[in-house]
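**Q** Here's the letter readout for the chains.
There are 4 protein chains.
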Amino acid sequence: MSKIVLAYSGGLDTSVAVAWLKEKFGAEVITVTVDVGQKEDFKEIEERAYKAGASKHYLIDAKEEFVNKYIKPAIIANALYEEVYPLGTALARPLIGEKVIEVARKEGADAVAHGATSKGNDQVRFEAAFKALAPEIKIIAPIRMWGMNRKEEYEFAKKKGIPISAESKKYSIDENLWSRSIEGGELEDPWQEPPEEAFEWTVPPEKAPEEPAYLTITFEKGVPVALNGKRMELIEIIDTLNKLAGQHGYGRVDHMENRVVGLKSREVYEAPAALTIINSKKDLEKLVLNKREYRIKRMLDSYWADLVYDGLWFDPIRVALDNMLSELSENVNGDVKVKLYKGSLRVVGRRSPNAIYDKAISSYESEWFPSDEMARGFIDAWLMDSVVSFRKRYLK
Amino acid sequence: MSKIVLAYSGGLDTSVAVAWLKEKFGAEVITVTVDVGQKEDFKEIEERAYKAGASKHYLIDAKEEFVNKYIKPAIIANALYEEVYPLGTALARPLIGEKVIEVARKEGADAVAHGATSKGNDQVRFEAAFKALAPEIKIIAPIRMWGMNRKEEYEFAKKKGIPISAESKKYSIDENLWSRSIEGGELEDPWQEPPEEAFEWTVPPEKAPEEPAYLTITFEKGVPVALNGKRMELIEIIDTLNKLAGQHGYGRVDHMENRVVGLKSREVYEAPAALTIINSKKDLEKLVLNKREYRIKRMLDSYWADLVYDGLWFDPIRVALDNMLSELSENVNGDVKVKLYKGSLRVVGRRSPNAIYDKAISSYESEWFPSDEMARGFIDAWLMDSVVSFRKRYLK
Amino acid sequence: MSKIVLAYSGGLDTSVAVAWLKEKFGAEVITVTVDVGQKEDFKEIEERAYKAGASKHYLIDAKEEFVNKYIKPAIIANALYEEVYPLGTALARPLIGEKVIEVARKEGADAVAHGATSKGNDQVRFEAAFKALAPEIKIIAPIRMWGMNRKEEYEFAKKKGIPISAESKKYSIDENLWSRSIEGGELEDPWQEPPEEAFEWTVPPEKAPEEPAYLTITFEKGVPVALNGKRMELIEIIDTLNKLAGQHGYGRVDHMENRVVGLKSREVYEAPAALTIINSKKDLEKLVLNKREYRIKRMLDSYWADLVYDGLWFDPIRVALDNMLSELSENVNGDVKVKLYKGSLRVVGRRSPNAIYDKAISSYESEWFPSDEMARGFIDAWLMDSVVSFRKRYLK
Amino acid sequence: MSKIVLAYSGGLDTSVAVAWLKEKFGAEVITVTVDVGQKEDFKEIEERAYKAGASKHYLIDAKEEFVNKYIKPAIIANALYEEVYPLGTALARPLIGEKVIEVARKEGADAVAHGATSKGNDQVRFEAAFKALAPEIKIIAPIRMWGMNRKEEYEFAKKKGIPISAESKKYSIDENLWSRSIEGGELEDPWQEPPEEAFEWTVPPEKAPEEPAYLTITFEKGVPVALNGKRMELIEIIDTLNKLAGQHGYGRVDHMENRVVGLKSREVYEAPAALTIINSKKDLEKLVLNKREYRIKRMLDSYWADLVYDGLWFDPIRVALDNMLSELSENVNGDVKVKLYKGSLRVVGRRSPNAIYDKAISSYESEWFPSDEMARGFIDAWLMDSVVSFRKRYLK
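Protein chains in written order, with UniProt numbering: chain S, 1 to 396; chain R, 1 to 396; chain Y, 1 to 396; chain A, 1 to 396.
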């Protein structure tokens, strides 16, 4: 092994990993930090990488790519794992993996490394990218290999002169444009309410403004394109909604989650923009999709979320589903009016040039009504199979 | 036709139906009002029935039966049609149908009648009960037959001396223990926010108490049995939660809905208890069901809701699903802690003697970790099929 | 009503319909016979139309269109309703409907008519085409209206000078390139074995050649393009296989079927080419699709068949599914070797440039094996959720 | 390690495993052979076990248990993995695992062992049983550990005095009452037709009798109870059908299969009884289940097969599915008439006291027909959603 490219977050684990990889493999270690919207001081991260022994550091701004290649299909798929988690981390991992491989190719590295543990989902997601894109490059997972516990890790860091942030972190955090995930500490007790200090993007509902906020979100082909009539880039819409909905205390998720490795874990998330966008769009879809489109889309939406959560971003079926779901979103155009108030979001109106709903047909006050005989015709045929089998089974 | 038994709500339509049936068929009309928890003056309803020409009136208190035979399985199935509507009306119709048939049998009637129109779901639900339980009894749907518009109906009522309530009703309402549905009027415009006057069970979130309410709901086999540690009958739990959650502004639903007859309609609901119970239980299920049980249950839950919404209560598959879902609920025991605040409900804790979650296994601070090689073994096998097909398709 | 365009098969029902429509509506009746591969004397059909009173007759050769727009997507979807019926009639009806509308438009007709009864699927399929494509044109279904029984129909025909074929037909037959369906007569008793006289396309297996036939079918993107290495048009492949497989006694289906109108019926079919093609391709798909693609495709395949059977060809979801299934068929390239022998077809070999199968990986004699520890890593994670929940429920 | 209980087939691998385990762990090795219907000389197997160094040998006749606890639910679930494989081996493994644990408990062993490799499904199935039933007992997989290739294994066997059967086995075989699986050798080339020598239970169709065999199978609650009217135990029915259908050349399966470990493999099977029973019953179900029961059952059937194939017999969801599928089989009573002839099976008749089919309703010659207006009522409502969305999207 002569050159190893490491996905570098700047935290303790990956910093220790730099030094450990150098020592263990006698290799040059190149660090790659991918900016997917996490609120970090990237200058400081770079310095930390060099202090830990990196021979070279890359900072790659992948925010646009994250939004266009990962978040957009997630929006189209209404991606909520197990009905609640918008998949922020699960979406960023394949992208980070891709960038690490790009650097590895450019640098002629013979191995790539990541800082995930042997209990989590992220190891699967990183390695899926590595394996799919560069089967010839070796994969190293230092945290799974070194066998140090937290205390030993601190000592190793001290010995190697790696700066440790003063405040011992209470939670394990992962953050990007689409969601902030919080785990560990007292959150591991599912009965314990998450304390306010766990949250950063959302205010406590009790401290949200007294006035509700009304907001109109405009969608084109299933993707938001404007807020209150003002067209914006998707990244700007996400930023704006993360702030706005977060200020109204909306966007918290508290979840008992099935991991891909066979474990359950308690996960807490903040995702104001993601939840605002997806919940609005799901409502709009009810106006423009017919009954069968709606049911098929919900089923495939849910399959998509499972797939991406489970580290299968690179499975060809994901690409096929993206295309199917995009096609089913061709008519998801229109406006959704939402009301944000003290921790809740309610959709209060929706309209679309592609609405299937037709007041003239549906209204009880309209002229058109099927005749009694027609109604009987429908009911007869609709129920016949049920009724015949019910009688056969249960009457006498 | 000599005797017709009519499902009688006491409203204008069914009152006119009494007189119309008498005149049209020269038959005796017996009215049946089934108490499924609607807030009505049943004395007044009885009087109205007689004034309209009924020869006999039945008031049947079916609240207990409604709770035990209809609401309980709906809770077990987390029944939310198209993810949002708890099916109050859809659940009550088969029961009302059953009671009407019981009276018809007792009275030796040769026909039964209902007040549903030819555009709605309820005609299907009523007639399913009639057809399944009493194939030999004729079904009459006066509203579908008479061809009167609202104005002509008023005139007919006046001519027949049927009392018309002074206030012309703005909305069409249906109410029972499990939900209150509101449709018609300006609600038929999906872009229009439902006005406050549409709601009765829930206060506007802005007027809800400043203090959040914490509440612990205890479930046994998927059914709530206690609130804040106090055991109660299910009916009492429902009553309490309708009031409590309603006071906190929680329980409103605004929905573009696919009816069984091929139409979309805009429906507004209030269902504080139903939504509190179902959303709490769905969270608890995530603690006690394994991944496969969870996914199968969600799929069957959703099928159950479609079935019941679509008027197929009497289909033998519903009975089979009830049993399956009950079995999957054997371990759904434990407490859920929820926080109600100004229109929102958040689950903030859950615990169960049957939890599958095991902190000792899942914690990143625990002793147990799979080795690096074991992790690689899982990842290899988990991804092999995806990665091999990805490479085959997309890498050169 | 001045001009009615009738979908005309040339049989008794539609011949009587010509005269009945003329008499009933005082309208000009234009007949349209669509050639979708049925073995008929179209000259004779034309003569019969004029004898019955048609003012004009159209014979439209739609075989190419049938193959390319209808059969091809059915092949891609492996379309077998309830696992067995290749949907010949269900596929032809929307096309015939479309042609009738084209003629109606050209002729400026104000109504279209079809010869289906009120108990079958075909009325739904015809009218779906009419309603979707020409909402402004009136639909007439004479057989559902006239109230004649078979005997009265014969008398009406005689009175109107409509020629009746001497042999009273034992069965009701519908035939096209893709399948021949046989119903009625003693077949209505599901316990009764279909007699040999019911079959025309297939020899009794007992009379098939003593020598098995080996055949190689080549597929490109899920569609057959060659037989035994010889490239042919799809229509020629279908013709050849109908003959070849039929001669070997292969292609009979005997089916208790759920109709869209709530009835069960016993249907018998012959479809040698359809079954040969679909069963071969399903085998090939197992070589080239990965596990997830396979499962999703089977689920959507089956949904597609239900949809088309149920008369929903024009539902936008069908178009979306066609595209999804086509995309999933991009890699369905290769050869399938089948053996036809005395009523049976067995796939005995398959190969593909896009195979996912890799002997070097799968062979028990290959070099590559996961280590014991890797195997344990997979098994642990794969089973953990199951085993933990099993123990929790059933041990102690 | 002082005592190891080994699942012992009597083949080379498990014989070498006896000696290897003794040497490696210095432990006493107890062999357990479970009779699940494989045609073997169990006396000889016992001798081989002792020669290889076993301290004790158990032969457990589990045929009845195999039939009643494993095959019966598989019949009820119509279990065919990926539509074709009746799961013989997958069903026997959990049972063998259970028996090994019983012996281990009785003998106070501290470990159990199996002879499966790291590439196959069986390791997962064995270890699922071990882990679910006896979490405290250690699991050893000698074949995954020893790192010998075939040649080294032979040498080790010779050195240890383990008898090697003269004929080097061409294929890897696993056999029990429900199926015989054949893999390896030239079968690893999917294009290669399986040679006749691979088959033992089925004659080549060309050599099957000239006369077809007609057979009536009687089912009660989804389980066969009689052949040609003669009641028999299920095990006897299976034996009889394996012989009878096998003699007619029926029961061969040739399959590209997705293994649980991420590989595809080519598998060949013989399963005359399994395929006869399941294909007959699937036909009967179409007579007695209504449309929804049929669709739900097929979906759950297929899920059940995946589950059991994937080694998840002990997942609680399997138990829940068994109960659901049993309930859906309550009415699967009646007779199926099949015709076996030169490699093919055709169902030619079915009848049931619980049939939903009603000739009087379905017949085109019956009195009952919906009126034209009723038919239009059904068609309107059935198609409205499709037609409205089709027009909205594609017209104008």
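It is possible that some hints are incorrect.
Any copy, or any two copies together, can satisfy a pair, since identical chains are not distinguished.
Unchecked claim - 20 Å max Cα-Cα, derived DMTMM-like pairs, lysine to aspartate or glutamate: (1) 24 - 335; (2) 138 - 107; (3) 56 - 233; (4) 3 - 46; (5) 230 - 98; (6) 243 - 64; (7) 69 - 23; (8) 39 - 64; (9) 359 - 267; (10) 337 - 35; (11) 151 - 267; (12) 63 - 367; (13) 24 - 174; (14) 339 - 206; (15) 106 - 155; (16) 51 - 175.
These are computed hints drawn from the structure, not numbers from a lab.
Quick caveat: nothing in here was measured; it's all calculated off a predicted structure.
**Q** Evaluate each hint against the coordinates.
**A** Hint-by-hint comparison with the structure:
no., hint, in the structure
1, 24 - 335, "neither (57 Å within a copy, 49 Å between copies)"
2, 138 - 107, "within (14 Å within a copy, 46 Å between copies)"
3, 56 - 233, "neither (33 Å within a copy, 60 Å between copies)"
4, 3 - 46, "within (18 Å within a copy, 57 Å between copies)"
5, 230 - 98, "neither (34 Å within a copy, 44 Å between copies)"
6, 243 - 64, "within (19 Å within a copy, 48 Å between copies)"
7, 69 - 23, "neither (37 Å within a copy, 57 Å between copies)"
8, 39 - 64, "within (16 Å within a copy, 56 Å between copies)"
9, 359 - 267, "between (43 Å within a copy, 12 Å between copies)"
10, 337 - 35, "neither (32 Å within a copy, 37 Å between copies)"
11, 151 - 267, "neither (24 Å within a copy, 52 Å between copies)"
12, 63 - 367, "neither (54 Å within a copy, 37 Å between copies)"
13, 24 - 174, "neither (27 Å within a copy, 46 Å between copies)"
14, 339 - 206, "both (17 Å within a copy, 12 Å between copies)"
15, 106 - 155, "neither (34 Å within a copy, 49 Å between copies)"
16, 51 - 175, "neither (24 Å within a copy, 63 Å between copies)"
Consistency note: the structure conflicts with the earlier hints numbered 1, 3, 5, 7, 10, 11, 12, 13, 15, 16.
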